[in-house]
Amino acid sequence: DQQVKQNSPSLSVQEGRISILNCDYTNSMFDYFLWYKKYPAEGPTFLISISSIKDKNEDGRFTVFLNKSAKHLSLHIVPSQPGDSAVYFCAASKDNFNKFYFGSGTKLNVKP
Amino acid sequence: SAVISQKPSRDICQRGTSLTIQCQVDSQVTMMFWYRQQPGQSLTLIATANQGSEATYESGFVIDKFPISRPNLTFSTLTVSNMSPEDSSIYLCSVVGQPNTEAFFGQGTRLTVV
Numbered sequence: 001d002q003q004v005k006q007n008s009p010s011l012s013v014q015e016g017r018i019s020i021l022n023c024d025y026t027n028s029m030f031d032y033f034l035w036y037k038k039y040p041a042e043g044p045t046f047l048i049s050i051s052s053i054k055d056k057n058e059d060g061r062f063t064v065f066l067n068k069s070a071k072h073l074s075l076h077i078v079p080s081q082p083g084d085s086a087v088y089f090c091a092a093s094k095d096n097f098n099k100f101y102f103g104s105g106t107k108l109n110v111k112p
Numbered sequence: 001s002a003v004i005s006q007k008p009s010r011d012i013c014q015r016g017t018s019l020t021i022q023c024q025v026d027s028q029v030t031m032m033f034w035y036r037q038q039p040g041q042s043l044t045l046i047a048t049a050n051q052g053s054e055a056t057y058e059s060g061f062v063i064d065k066f067p068i069s070r071p072n073l074t075f076s077t078l079t080v081s082n083m084s085p086e087d088s089s090i091y092l093c094s095v096v097g098q099p100n101t102e103a104f105f106g107q108g109t110r111l112t113v114v
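Chains as they are written, first to last, in this note's numbering: chain X, 1 to 112; chain D, 1 to 114.
Hints listed in this document are in silico derivations from the structure and should not be mistaken for laboratory results.
Zero decoy hints are in this set.
If you want the footprint, here are the derived chain X segments under chain D, 3+ residues with CB under 8 Å:
1. 39-49
2. 98-110
No farther apart than 16 Å at their CA atoms in a straight line, the calculated lysine to aspartate or glutamate pairs in the EDC-like style are these:
3. X:K37 x X:D59
4. X:K71 x X:D31
5. D:K7 x X:E42
6. X:K107 x X:D84
7. X:K99 x D:E58
8. X:K99 x X:D31
Not close to chain X: a few residues of chain D, all C-beta gaps over 12 Å, as computed:
9. I12
10. G16
11. K65
12. P67
13. T74
14. T77
Virtual Cβ for every residue (Gly too), placed ideally from N, Cα, C.
Sequences and hints are given; from them, build the entire structure.
So this is what it looks like as structure tokens:
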């Protein structure tokens, strides 16, 4: 049973516009959420995180929103750039961050 | 941050054989993990590599199939034993440094079993 879900396998956005990637989770014990970006033939690289005590965290063009009541988080990229084209994974953890549960990923394509 | 070197980056293996994947970290880390990413799937945790003791395996993964070693705080190996085509995946080493921080990943090992 997958505890972290990304229901959109792909997303296509025009350069300069906003990209919104969504993620849902089922385990209310998760207290730390992360987004990773992955290029082909590379391991995932950390992008941004948010603790369950917050509902928003911003880092440059990237903002993560957390809605605990809906068990939903989203990643906003504004403005989107062609270099953002990659697979994005959301992840969640509990138990002092020892284990990470990943979604299946969303492939973002930013068109020039 | 931690720099993780994983070897080999890819391999094609015959069914029935075994492959050992190495993970070297540039600094001492407490927590090391092994993940698998099957085609089109999420990253799935195989086990936690414990320094000086047996690895802790997740449900669905067993030591006989995925023996893990961790002789020190900077190195671990994962062996995929008696391989079948279903083992074709990307295998990733991951480390977590301090609490309340993110996990870092190696570049992965793309394994194809024929």
